[in-house]
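Visitor: These are the residues of each chain, in order.
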Amino acid sequence: MKLSHSLAVAAAFVTAAHAEPLSFDFKDPKGVNNVVFKLDAPLESINGTANGISGAITVDPANPGTASGKIVVATESLSVANPMMKEHMLGEQWLNAKANPEITFEVKKISDIQKSGDKGEADVTGIFTLNGVSKEITVEAKVTYLPGRLAERSPQKTPGDLLVIRSKFEIKRSDFNIQPGKNLDKVSDEIELELAIAGAAPKG
Amino acid sequence: MAKLLQIFAVLCALAVLTLWFGLGAHSGWTKTQVATQHIDPVTEIPYSEMKPGFVPGVDFLAAGLLGAGLFFVIGFGISKLQKKKTTS
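Chains A and B supply the protein sequences, listed in that same order. Under this note's numbering, the residue at position 139 of the first sequence is numbered 146, and the numbers go up by one with no gaps. Under this note's numbering, the residue at position 69 of the second sequence is numbered 122, and the numbers go up by one with no gaps.
No wet-lab data here; the hints were simulated from the structure. Please note that a few of the clues may not be correct.
[To be verified] Simulated pairs of lysine-lysine, DSS-like, Cα-Cα distance not exceeding 30 angstroms:
(1) A/K115 <-> A/K164
(2) A/K115 <-> A/K105
(3) A/K45 <-> B/K137
(4) A/K142 <-> A/K122
(5) A/K45 <-> A/K93
(6) B/K104 <-> A/K37
(7) B/K104 <-> A/K93
(8) A/K179 <-> A/K116
(9) A/K193 <-> A/K37
(10) A/K179 <-> A/K93
(11) A/K149 <-> A/K45
(12) A/K126 <-> A/K37
(13) A/K210 <-> A/K115
(14) A/K164 <-> A/K45
(15) A/K193 <-> B/K133
(16) A/K115 <-> A/K142
(17) A/K189 <-> A/K164
(18) B/K104 <-> A/K34
(19) A/K105 <-> A/K179
(20) A/K164 <-> B/K104
(21) A/K116 <-> A/K142
(22) A/K105 <-> B/K104
(23) A/K149 <-> A/K34
(24) B/K104 <-> A/K175
[As the list claims (entries may be wrong)] For each label pair, taking beta carbons as the anchor points, the in silico distance ranges come out as:
(25) A/E27 <-> B/G106: 45 to 51 angstroms
(26) A/A81 <-> B/L64: 41 to 47 angstroms
(27) B/A115 <-> A/N70: 58 to 64 angstroms
(28) A/N70 <-> B/I92: 57 to 63 angstroms
(29) B/V126 <-> A/Q186: 37 to 43 angstroms
(30) A/L50 <-> B/V63: 47 to 53 angstroms
(31) A/A48 <-> B/L119: 25 to 31 angstroms
(32) A/A81 <-> B/A115: 31 to 37 angstroms
(33) A/A81 <-> B/I131: 52 to 58 angstroms
(34) A/L191 <-> B/Q135: 52 to 58 angstroms
(35) A/E201 <-> B/F74: 20 to 26 angstroms
(36) B/P99 <-> A/E51: 21 to 27 angstroms
(37) A/E113 <-> B/H79: 54 to 60 angstroms
Virtual Cβ for every residue (Gly too), placed ideally from N, Cα, C.
Bound conformation, chain B alone (with noise of 0.2 angstroms):
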């Protein structure tokens, strides 16, 4: 059981120093919408349209990463705990 839970959070980390590298480690807050860049032909007017998308931000890597920690950090208090059972 701790075992698994400290395996599940360092996969954890591991998918959300990926997905945050791959998404291309935006150093702002996570984006829920990304803008694309266009020129109307006629007035030349230079408009950026909003679609839905997600650019997770450095609050995303930081939840994560502290997510993936606190599992770390009851795997480890209960496989000490197990250890204590055992030589008692």
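Chain A on its own, in the form it takes in the complex (with noise of 0.2 angstroms):
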């Protein structure tokens, strides 16, 4: 019974030793992940995806509040179902995704962390940065971690652990210093962004 005992405590003591911080890839090599935005505007309804993302967040799933990191989202990859719309808002006049190649969001903070089982729920707070300009901005998320469910996406079957990121917020382009007070009626200042993207922790 004593040996037994140990040996569960030497067992939890080695399952904690590895309980150590994860490092998810957002790098997805299928090209699901993705952030839709919209925009509602009187006269234009205007809807597009952006699937260049990129980035990595280190967790520890026992204790996300630690958690760190950046997600990029390359201005290029931005897309309209209309070419020439597509080349006008990645143009200097709007995203200029020349001068400024990429959008972030660095975490800094999470709070209000809602946990059940694999699943959770959080205040992500971070410094969000579009067309050159940063802001901090604190935006709700949903988080799902799929350990072991790596090799199920993998062509080469690698083990290790998935965490998957949801979150729905709204920007304003004013704010990101983008054509300010202009063209109100046809683009919209609020833009409402949807991302959904997985990273994946290979393992050995």
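Both chains are sitting in their own frames, so use the hints and assemble them into the complex.
Guide: And the structure:
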């Protein structure tokens, strides 16, 4: 009985020693990770997606409050169905993709964490950079930790974990110096962003 | 010649209208890419895959009808000139 108890305690220590932060890489080889953006102006509604996502988040699944890292979206990957609209959107007058090739969100603080098994919700505060302008914002995020599920998405059956992050939030283009106050009848100031991304942490 | 141009203009207008209505009567701008929706089976992330495709929009409709109208007017002008020539 004592031996089995000691073994259980030892096993708990080994498990604790291995519960170290995992680094999740968000460059998805399948290209599934995406951000949907919606602008609903009185005269025109613009919908588009961006899938040039990369970056990494380091998180200890047992202690998600200490998470840190950065999510990067390649500005050039922003796409709308109309090619001329896309050209204008990425041009100098609007997002100026050549001068500002990346849109980033750097995690600074995780608060109000609500965990339920491998799923959780939290408020994530970070520095959002768009059009070369950085601003601190707080967004609600839903997180799903999928331990041991990486192999199902990897052609090489690489063992590891997945972390899925979903978030829906709104920004104002005027806050990021994108033609503030101009063309408001066709390009709304409010931009609704819907993020759905999965990061992979290979093991071994 | 004038009659031919006018018939061509009417056919053009009909073709443009048929194409626009037939491909969904899309009220936005013309699209050269079409999105198909999918869901990743493991992460359950919904994503759209863009594939080359053509969806005519109101700009296509306007340009097509304007072009057809132009042909019709030219045909009408030519027939007027021809009538003037024959009467004088």
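Visitor: Just pull the numbers of the violated hints for me, sorted ascending.
Guide: 1, 3, 9, 14, 15, 17, 28, 30, 35, 37
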